[in-house]
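Letter by letter, the chains look like this.
2 protein chains.
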Amino acid sequence: MKFSQYRLPASARMAALATAVAAVASLGGCASPSGLAVKDVGSFHIGGKQVTLSGLPEKELRFTPTAPPIKVNPNGEFEAEQMYVQYITQTAPKAKYPLLMWHGGGLAGVTFETKPDGGEGWQMAFLKAGHDVYVSDAVERGRASWSRYPEIFTTEPFFRTKKEGWELFRIGPTWDADPARRVAHPGAQFPVGAYDQFTKQFVPRWATNNAPTQAAYDALVQKVCPCVILVHSQGSTFAFEAARKAPQLVKAVVAVEPSGALDVTKADISGLKAVPHLFVWGDNLDKNATWQVIAPTLRKYADGVKAQGGVADTMDLPALGIKGNSHMLMMDKNSDQTAGLINHWMASQGLMK
Amino acid sequence: MKFSQYRLPASARMAALATAVAAVASLGGCASPSGLAVKDVGSFHIGGKQVTLSGLPEKELRFTPTAPPIKVNPNGEFEAEQMYVQYITQTAPKAKYPLLMWHGGGLAGVTFETKPDGGEGWQMAFLKAGHDVYVSDAVERGRASWSRYPEIFTTEPFFRTKKEGWELFRIGPTWDADPARRVAHPGAQFPVGAYDQFTKQFVPRWATNNAPTQAAYDALVQKVCPCVILVHSQGSTFAFEAARKAPQLVKAVVAVEPSGALDVTKADISGLKAVPHLFVWGDNLDKNATWQVIAPTLRKYADGVKAQGGVADTMDLPALGIKGNSHMLMMDKNSDQTAGLINHWMASQGLMK
Numbered sequence: 006m007k008f009s010q011y012r013l014p015a016s017a018r019m020a021a022l023a024t025a026v027a028a029v030a031s032l033g034g035c036a037s038p039s040g041l042a043v044k045d046v047g048s049f050h051i052g053g054k055q056v057t058l059s060g061l062p063e064k065e066l067r068f069t070p071t072a073p074p075i076k077v078n079p080n081g082e083f084e085a086e087q088m089y090v091q092y093i094t095q096t097a098p099k100a101k102y103p104l105l106m107w108h109g110g111g112l113a114g115v116t117f118e119t120k121p122d123g124g125e126g127w128q129m130a131f132l133k134a135g136h137d138v139y140v141s142d143a144v145e146r147g148r149a150s151w152s153r154y155p156e157i158f159t160t161e162p163f164f165r166t167k168k169e170g171w172e173l174f175r176i177g178p179t180w181d182a183d184p185a186r187r188v189a190h191p192g193a194q195f196p197v198g199a200y201d202q203f204t205k206q207f208v209p210r211w212a213t214n215n216a217p218t219q220a221a222y223d224a225l226v227q228k229v230c231p232c233v234i235l236v237h238s239q240g241s242t243f244a245f246e247a248a249r250k251a252p253q254l255v256k257a258v259v260a261v262e263p264s265g266a267l268d269v270t271k272a273d274i275s276g277l278k279a280v281p282h283l284f285v286w287g288d289n290l291d292k293n294a295t296w297q298v299i300a301p302t303l304r305k306y307a308d309g310v311k312a313q314g315g316v317a318d319t320m321d322l323p324a325l326g327i328k329g330n331s332h333m334l335m336m337d338k339n340s341d342q343t344a345g346l347i348n349h350w351m352a353s354q355g356l357m358k
Numbered sequence: 006m007k008f009s010q011y012r013l014p015a016s017a018r019m020a021a022l023a024t025a026v027a028a029v030a031s032l033g034g035c036a037s038p039s040g041l042a043v044k045d046v047g048s049f050h051i052g053g054k055q056v057t058l059s060g061l062p063e064k065e066l067r068f069t070p071t072a073p074p075i076k077v078n079p080n081g082e083f084e085a086e087q088m089y090v091q092y093i094t095q096t097a098p099k100a101k102y103p104l105l106m107w108h109g110g111g112l113a114g115v116t117f118e119t120k121p122d123g124g125e126g127w128q129m130a131f132l133k134a135g136h137d138v139y140v141s142d143a144v145e146r147g148r149a150s151w152s153r154y155p156e157i158f159t160t161e162p163f164f165r166t167k168k169e170g171w172e173l174f175r176i177g178p179t180w181d182a183d184p185a186r187r188v189a190h191p192g193a194q195f196p197v198g199a200y201d202q203f204t205k206q207f208v209p210r211w212a213t214n215n216a217p218t219q220a221a222y223d224a225l226v227q228k229v230c231p232c233v234i235l236v237h238s239q240g241s242t243f244a245f246e247a248a249r250k251a252p253q254l255v256k257a258v259v260a261v262e263p264s265g266a267l268d269v270t271k272a273d274i275s276g277l278k279a280v281p282h283l284f285v286w287g288d289n290l291d292k293n294a295t296w297q298v299i300a301p302t303l304r305k306y307a308d309g310v311k312a313q314g315g316v317a318d319t320m321d322l323p324a325l326g327i328k329g330n331s332h333m334l335m336m337d338k339n340s341d342q343t344a345g346l347i348n349h350w351m352a353s354q355g356l357m358k
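So the sequence lines, in the order shown, correspond to chains U and A.
Take the first sequence: its position 260, counting from 1, is numbered 265 in my numbering, and each next residue is one higher.
Take the second sequence: its position 351, counting from 1, is numbered 356 in my numbering, and each next residue is one higher.
Hint data in this document are derived by calculation from the structure and do not stem from the laboratory.
Predicted model only: the values in this text are computed from it and were never measured.
It cannot be assumed that every hint is accurate.
Where chains are identical, the list cannot tell them apart; a pair therefore holds if satisfied intra-copy or between any two copies.
[Unchecked claim] Dumping the calculated DSBU-like pairs for lysine-lysine here, alpha-carbon to alpha-carbon at most 35 Å: (1) LYS292 - LYS358; (2) LYS338 - LYS271; (3) LYS358 - LYS99; (4) LYS54 - LYS64; (5) LYS311 - LYS338; (6) LYS338 - LYS44; (7) LYS76 - LYS328; (8) LYS271 - LYS305; (9) LYS76 - LYS358; (10) LYS64 - LYS278; (11) LYS271 - LYS64; (12) LYS76 - LYS168; (13) LYS54 - LYS328; (14) LYS44 - LYS99; (15) LYS44 - LYS228; (16) LYS44 - LYS101; (17) LYS168 - LYS228; (18) LYS101 - LYS338; (19) LYS76 - LYS54; (20) LYS44 - LYS328; (21) LYS76 - LYS271.
Go ahead and model the full structure; you've got the sequences and the hints to work with.
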């Protein structure tokens with residue numbers, strides 16, 4: 006990774022780590038012993054439209070093998086292309102703006118809620134750090150729901166195998182169905198023994214829902230922001246585009262292991278001068294061919310934001326001496342440390358009160 | 006409805022209502038001005054197993070119409086049949102046991118999180134009343150995820166139309182695609198203008214996943230309980246069966262508009278003597294043929310629990326003078342009032358500290 010490295014105010018690497026540790030230590034303070042002071046918990050769907058199916062034949066359904074079949078008419082009106090958002094707000098947030106957490110491909114907002122080893126997720130970590138948190142499920146995934154195909158969603162979904170996740174998420178180089186025979190990267194921060202538990206979070210995905218997904222995210226920004234967006238992996242293009250369209254509403258983008266970017270030779274990104282970006286990278290990017298293709302596109306985008314006079318900082322964890330992190334930084338053993346570093350960056354950008 | 010009516014301690018109907026109002030009023034107290042004192046927020050998946058697909062042909066995928074196709078191999082290992090659970094716990098709960106909220110068919114845990122008119126959901130209402138709350142998405146729905154069919158899930162899913170929801174959930178007698186032409190029941194408590202927003206919560210369902218769904222619920226009870234289960238509609242059979250299997254762990258079942266029950270002529274329900282049941286019913290059951298078939302099965306089940314010497318109370322809202330409620334009691338305009346009545350019943354059963 007050749008990104009310009011994020012410069013912490015104290016400039017020395019060990020100082021950065023010390024700061025991070027201090028930040029992590031401080032996270033626990035406000036949740037104990039009196040707990041988080043939570044103002045509201047709730048959720049909503051946003052985006053989408055009514056669609057009508059007609060002319061489809063009735064289907065026979067059996068609820069048990071021995072039950073008589075029931076005729077079901079699949080025709081009628083449905084909602085489609087909406088997304089789901091859940092929020093937890095606090096009585097006295099320390100952050101100036103709510104934090105929106107947008108997940109990656111083949112995953113849902115659960116990404117941020119839990120660690121597969123049972124540890125505390127980033128939703129709670131950032132709540133403790135004083136943020137109001139909005140965790141969403143993009144169109145087609147999780148609680149956003151999905152639609153009949155090919156009549157409404159125009160193509161078939163596809164399902165990520167455990168092997169693909171193991172390799173693409175850089176847990177390790179060698180997959181095996183038998184957990185005892187899987188090979189992880191040396192010093193892996195991912196809780197390798199909990200990998201199967203993690204894969205219970207996988208959700209199917211479609212290749213053809215980008216436009217409604219962007220529309221729903223844009224609508225979310227209009228409803229909830231000004232805000233900060235923390236986005237993971239495949240969500241990154243949606244976040245960059247949402248910020249490009251509404252730079253006055255998106256006060257920063259934290260791109261955690263982003264996997265896509267705007268083409269700065271085609272998109273007008275002049276407004277992004279006003280939107281500080283942070284790019285956070287784990288380890289072993291050089292050991293996976295896909296990431297070697299992806300990383301340069303992010304570098305070009307970051308350079309493009311900087312060419313506008315904007316802020317595009319990079320937090321390359323291995324370069325900070327933090328080794329072994331996977332693509333799933335929020336589930337790695339040192340997730341609190343990484344959250345602390347991100348929170349420190351947000352403070353450095355004037356995003357905390 | 007001919008159920009024996011739930012008897013509030015003060016016995017007079019107006020006293021019951023006054024108590025309910027008082028209970029509702031008290032709900033707001035602990036969330037303001039210092040907020041709910043929240044100890045932890047997180048989620049987990051439970052249940053399920055690894056399955057392997059093999060011998061399926063590669064598929065070509067295009068992420069945009071002009072992009073070159075990508076070959077995807079659908080074979081490999083996947084997790085299947087898990088369920089999703091999200092929890093919010095408090096530093097000083099007033100309830101003796103956590104409250105598990107189990108949704109109905111074609112829906113997910115969102116049922117309890119929000120009202121389609123933007124009002125406060127039962128998740129927050131019961132948090133305010135002092136319960137630790139676990140909201141789940143059953144196998145196949147929402148964040149639980151779903152599996153390729155017919156290879157893993159053996160049948161096709163089906164999708165509820167808006168018309169079916171309008172009628173079956175007793176919003177009104179007459180559906181129309183045009184909101185202005187829909188007819189609601191007189192004095193409907195459901196926020197009729199927000200019905201389309203509600204239908205964004207609908208998720209596909211399968212007819213053939215009852216066994217893994219029960220298994221996942223049973224595993225949840227083993228993990229989280231002792232507890233109280235508040236269950237809606239199609240979830241009721243799972244809750245009754247979970248209580249039958251673990252009557253020492255399930256301290257009560259609140260069945261809100263239940264749509265299925267155990268057959269007490271076949272199942273050994275002797276253990277349910279120790280599990281108090283409350284059945285909560287809205288209005289207009291007599292105006293829908295499906296509910297006229299369902300209601301007697303619940304009556305038989307309630308009688309069966311009582312025949313064991315157990316508690317099986319019924320809270321028939323119209324008989325209490327509370328008219329116009331739909332099947333979606335937790336989304337109706339008077340949802341706080343109904344929550345207050347349920348909370349009062351839980352207190353009467355010794356479930357609060």
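Checked hints:
1. Taking CA atoms no more than 35 Å apart as the test, LYS292 paired with LYS358 passes in neither setting, with 40 Å inside one copy and 56 Å between copies.
2. Taking CA atoms no more than 35 Å apart as the test, LYS338 paired with LYS271 passes in neither setting, with 39 Å inside one copy and 50 Å between copies.
3. In the homo-oligomer, the alpha carbons of LYS358 and LYS99 lie at most 35 Å apart both inside one protomer (5 Å) and across protomers (33 Å), since each shortest distance falls under that limit.
4. For the homomeric pair LYS54 and LYS64, the shortest alpha-carbon distances inside one copy (25 Å) and between copies (30 Å) are both at most 35 Å.
5. In this assembly of identical chains, LYS311 and LYS338 lie within 35 Å of each other by CA distance solely inside one copy; the values are 32 Å within and 51 Å between copies.
6. Taking identical chains as interchangeable, the C-alpha atoms of LYS338 and LYS44 lie at most 35 Å apart whether they share a chain (30 Å) or sit on different chains (21 Å).
7. For the homomeric pair LYS76 and LYS328, the shortest alpha-carbon distance between copies (33 Å) is at most 35 Å, but the shortest distance inside one copy (58 Å) is not.
8. When the C-alpha separation of LYS271 and LYS305 is checked against a cutoff of 35 Å, the pair qualifies only within one copy, where the shortest distance is 12 Å, while the shortest distance between copies is 68 Å.
9. Taking the closest pair of Cα atoms, LYS76 and LYS358 never come within 35 Å of each other, the shortest separation being 59 Å inside a single copy and 49 Å across copies.
10. Taking the closest pair of Cα atoms, LYS64 and LYS278 never come within 35 Å of each other, the shortest separation being 55 Å inside a single copy and 41 Å across copies.
11. Taking the shortest Cα distances, LYS271 and LYS64 sit within 35 Å of each other only across copies (31 Å), while inside one copy they are farther apart (48 Å).
12. In this homomeric assembly, LYS76 and LYS168 come within 35 Å of each other (Cα to Cα) only across copies, at 16 Å, whereas the closest approach inside a single copy is 40 Å.
13. Only between protomers do LYS54 and LYS328 lie at most 35 Å apart by alpha-carbon distance; the minimum there is 32 Å, versus 45 Å within a single protomer.
14. Within a single copy, LYS44 and LYS99 get their C-alpha atoms as close as 13 Å, and across copies as close as 18 Å, so both meet the 35 Å cut-off.
15. Proximity of LYS44 and LYS228 under a CA criterion of 35 Å is satisfied in both settings, with 19 Å inside one chain copy and 29 Å between copies.
16. Proximity of LYS44 to LYS101 under the C-alpha cut-off of 35 Å is found in both arrangements, the shortest distances being 16 Å within a copy and 23 Å between copies.
17. Taking the shortest alpha-carbon separations for LYS168 and LYS228, only the inter-copy value of 29 Å comes in at or below 35 Å, while the best intra-copy value is 38 Å.
18. Taking the shortest Cα distances, LYS101 and LYS338 sit within 35 Å of each other both inside one copy (28 Å) and across copies (33 Å).
19. For the identical chains of this complex, LYS76 and LYS54 are neighbours both inside a copy (27 Å) and across copies (32 Å), given an alpha-carbon limit of 35 Å.
20. Taking identical chains as interchangeable, the C-alpha atoms of LYS44 and LYS328 lie at most 35 Å apart only when they sit on different chains, with a minimum of 31 Å there against 38 Å within one chain.
21. In this homomeric assembly, LYS76 and LYS271 come within 35 Å of each other (Cα to Cα) only across copies, at 28 Å, whereas the closest approach inside a single copy is 52 Å.
Taken one by one, the earlier hints fail for this structure at numbers 1, 2, 9 and 10, listed in ascending order.
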